[in-house]
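There are 2 protein chains.
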Amino acid sequence: MLQDYSLLRIPGPTPVPPSVQSAMAKPMIGHRGEEATELLQRIRPRVKQLFGTEQDIIMIAGSGTAGLETAVVNTVSSNDEVLVIVTGAFGDRFAKICEAYHIKTHRLDVPWGEAVSPEVLEQYLKNHQNIKAVFMTHCETSTGVLNPIASISKTIHENSNALVIVDAVSSLGGVKTEMDEWGVDLLVTGSQKAMMLPPGLTLLGVSDRAWKVIESNEHGCFYFDLQTYRKNVEGDKVPYTPAIPLLLGLDQALNLIEAEGLEEVYRRHEVMKDMTRAAMKALNVPLLTEDEYASPTVTALKPTTFQAEELRKIVKSQFNLSLAGGQQHLSGKVFRIGHMGYCAPADVLQVISLIEIGLIQLGESVTPGAGVKSAQEVLLAQINK
Amino acid sequence: MLQDYSLLRIPGPTPVPPSVQSAMAKPMIGHRGEEATELLQRIRPRVKQLFGTEQDIIMIAGSGTAGLETAVVNTVSSNDEVLVIVTGAFGDRFAKICEAYHIKTHRLDVPWGEAVSPEVLEQYLKNHQNIKAVFMTHCETSTGVLNPIASISKTIHENSNALVIVDAVSSLGGVKTEMDEWGVDLLVTGSQKAMMLPPGLTLLGVSDRAWKVIESNEHGCFYFDLQTYRKNVEGDKVPYTPAIPLLLGLDQALNLIEAEGLEEVYRRHEVMKDMTRAAMKALNVPLLTEDEYASPTVTALKPTTFQAEELRKIVKSQFNLSLAGGQQHLSGKVFRIGHMGYCAPADVLQVISLIEIGLIQLGESVTPGAGVKSAQEVLLAQINK
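Which chain is which? The protein sequence lines are A and B, in order. Under this note's numbering, read the first sequence as residues 259 to 643, first letter to last. Under this note's numbering, read the second sequence as residues 259 to 643, first letter to last.
No lab work stands behind these hints: they were computed from the structure. Keep in mind that the hints are not guaranteed to be accurate.
As the list makes no split between identical chains, a pair holds if one copy fits it or if it spans any two.
Restricting the straight-line Cα-Cα distance to at most 27 Å, the calculated cross-link-like pairs of lysine-lysine (BS3-like) are [what the hints assert, rightly or not]:
(1) LYS571 to LYS643
(2) LYS574 to LYS643
(3) LYS495 to LYS284
(4) LYS390 to LYS354
(5) LYS489 to LYS390
(6) LYS412 to LYS306
(7) LYS434 to LYS412
(8) LYS560 to LYS571
Build out the structure end to end from the sequences listed, making use of the hints.
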């Protein structure tokens, strides 16, 4: 097989554009100098657009999970009650973080592959009046579900005083996000998904309402203390050594996003989702998620006539194409295709053509090119619009 | 459109593997130091395999054309008679170089898209007994023809004392080459095609027979003087400052080629050729070249129902996919797909899926997925072998 060749189509980490790679390889700079300040000044106002917020964005060197933990430790204390909406592995992670801090954690478990229903949530909140914060996932990476944050947030605000805290790790940058308009109090993301960067940077947007809660919160923390970061934002400074290459890369990733146009970025992700789903339908590979709640960034498939792991192995060994497997109880039962960030419709066509070959080798009755055809038709319809 | 994204499928320059890019970005070294000597010692024995020769390979900083000129000025003088077999733009270039040096140049012109026939050549040589060297092209990049060098060379040796001088710029590294076995006296290639490097390095293999001619040749030259390079090869030195990044890159490109296995590299190129041709047949896009002389590295198409340039424009503007156009009298009449070097069968499937979309937009009666299907079938048959 051709060496040094790989097709990374998992839902993160995602491929990094060459110009972002180059930007990250610039000579290191000191984090207290003028260059670092200028870099932060360039990034901060622009990254707000992705969040759909007027709030300053806080950036912390750490993975998405560090961001989730930051959201938890700053807003709630061990004697608080919280609700975690669990629609998959990452909702579950929010719950595990809360439990690790001995917070009284209620779980609203939703079958994996489904989105939470605002009606069910409303009833839950009516029955639990002391919830201080509701944690949820925008795009549930493990299932490809995009939870309807706007209506969930509305339901919460109408039925409680709880903070609305959202994990947007695998959606931000690929899905239109309106933190302020939706009434989200704390939105967390990571660099390694639709933002086209390597892992290592988590970004948080915090509402005025959340800041009030954070200021009075008694839970102790140091590295994750949002108030420390907030103080430094004012002078475009950082409290601790930041992940400088990721900030250099973010500056360039924002250039790319702005050159394409944010609306166009979101439209591209919608098209890639529609292409992927049309192809999988044509190939009779069952989608885990209904169209209504399908994420533009990742698609999960739950095959019934072949083993998901066999397909993953065959495309990996033959084409060095990485697809993701299932997580937790879906392990071995689903496979997932990432189509976010530095990924074009042309890449989706390629992935589909390779999955078709894998399916044929597994003995599935697949017409070669049938999935590609359906995806091409989606793309053509979009081009002709 | 997604920024900083491109699909380069022209017949050179070709994409460069990331590990080769990284190798080329290593800190610069002095060309007279031990590191440069060690680098040359690592490269020289291994690059011979690609040529199929026991001769030392001479490397000169310059493009492929510099290599062609080196081949001319070292072997013939202005009072010599030479024959150039012209099967396309690069045969023509050999003739133009000879003419620039006022060498008496005979041209054996073959219709573009066809290979030269050893029978026609034999007759020509019988009628021209004073030919000192015959220049020819292995893969004619402008047409996608692979000339049968083994039989051409045999014909020349049986009918004359002329040197056999071959431009293997767009074949070497992608097509099995047996310089010694075929009786080739001088073989020239460039870095930017199947060798997976950027342009800027030309490589030459010279037979003992050619060295004898070169030693007695009276034509003056300096930078291109092969004897100067030959003297330096012995001590693993270089006469002038070499293109160090390209040598660092070549070292890594050889690692990749060796890890894949040379026979496997050639097989991959054969498969990519067969995939491309099967797809174009399925899509009713006429191939310029018969199957018998089709090159594994580049395929030229000569459409009759649409404008080649329109297709090139449409895939460039929509997908940033670069296909090559025609050269000289084929300008505007053909388009060419490069499938060599750092290119996998998965990339060929992608290119075909995008060409299909372009054809549909041009109003061609193409079934989406039909070309992909044919290419997939070729790939499946090869995998199942």
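- Between copies, within a copy, both or neither: which fits LYS495 and LYS284 at Cα up to 27 Å? Within one copy only: 20 Å inside, 33 Å across.
- Query: Can you tell me if LYS574 and LYS643 fall within 27 Å by alpha carbon in one copy, between copies, both or neither?
  - Reply: Answer is between: at 19 Å across copies they meet the 27 Å cutoff, but 36 Å inside does not.
- Indicate which option fits the pair LYS571, LYS643 if close means a Cα-Cα distance not exceeding 27 Å: within, between, both or neither. between (38 Å within a copy, 19 Å between copies)
- Task: Please work out whether the CA atoms of LYS434 and LYS412 approach to 27 Å or closer within one copy, between two copies, in both situations, or in neither?
- Result: Within. Shortest intra-copy distance 17 Å satisfies the 27 Å Cα cut-off; inter-copy 67 Å does not.
- Message: For LYS489 and LYS390, with the copy left unspecified, which applies at a CA distance of at most 27 Å: within, between, both, or neither?
- Response: within (25 Å within a copy, 82 Å between copies)
- State whether the alpha carbon distance between LYS390 and LYS354 is at most 27 Å within one copy, between copies, both, or neither. Answer is within: at 17 Å inside a copy they meet the 27 Å cutoff, but 82 Å across does not.
- Task: Please work out whether the CA atoms of LYS560 and LYS571 approach to 27 Å or closer within one copy, between two copies, in both situations, or in neither?
- Result: Intra 16 Å, inter 39 Å, cutoff 27 Å: intra-copy only.
- Item | Up to 27 Å CA-CA - LYS306 versus LYS412, copy category | Classified as within; 22 Å inside a copy, 71 Å across copies.
When each numbered hint is compared with the structure, no violation occurs for any of them.
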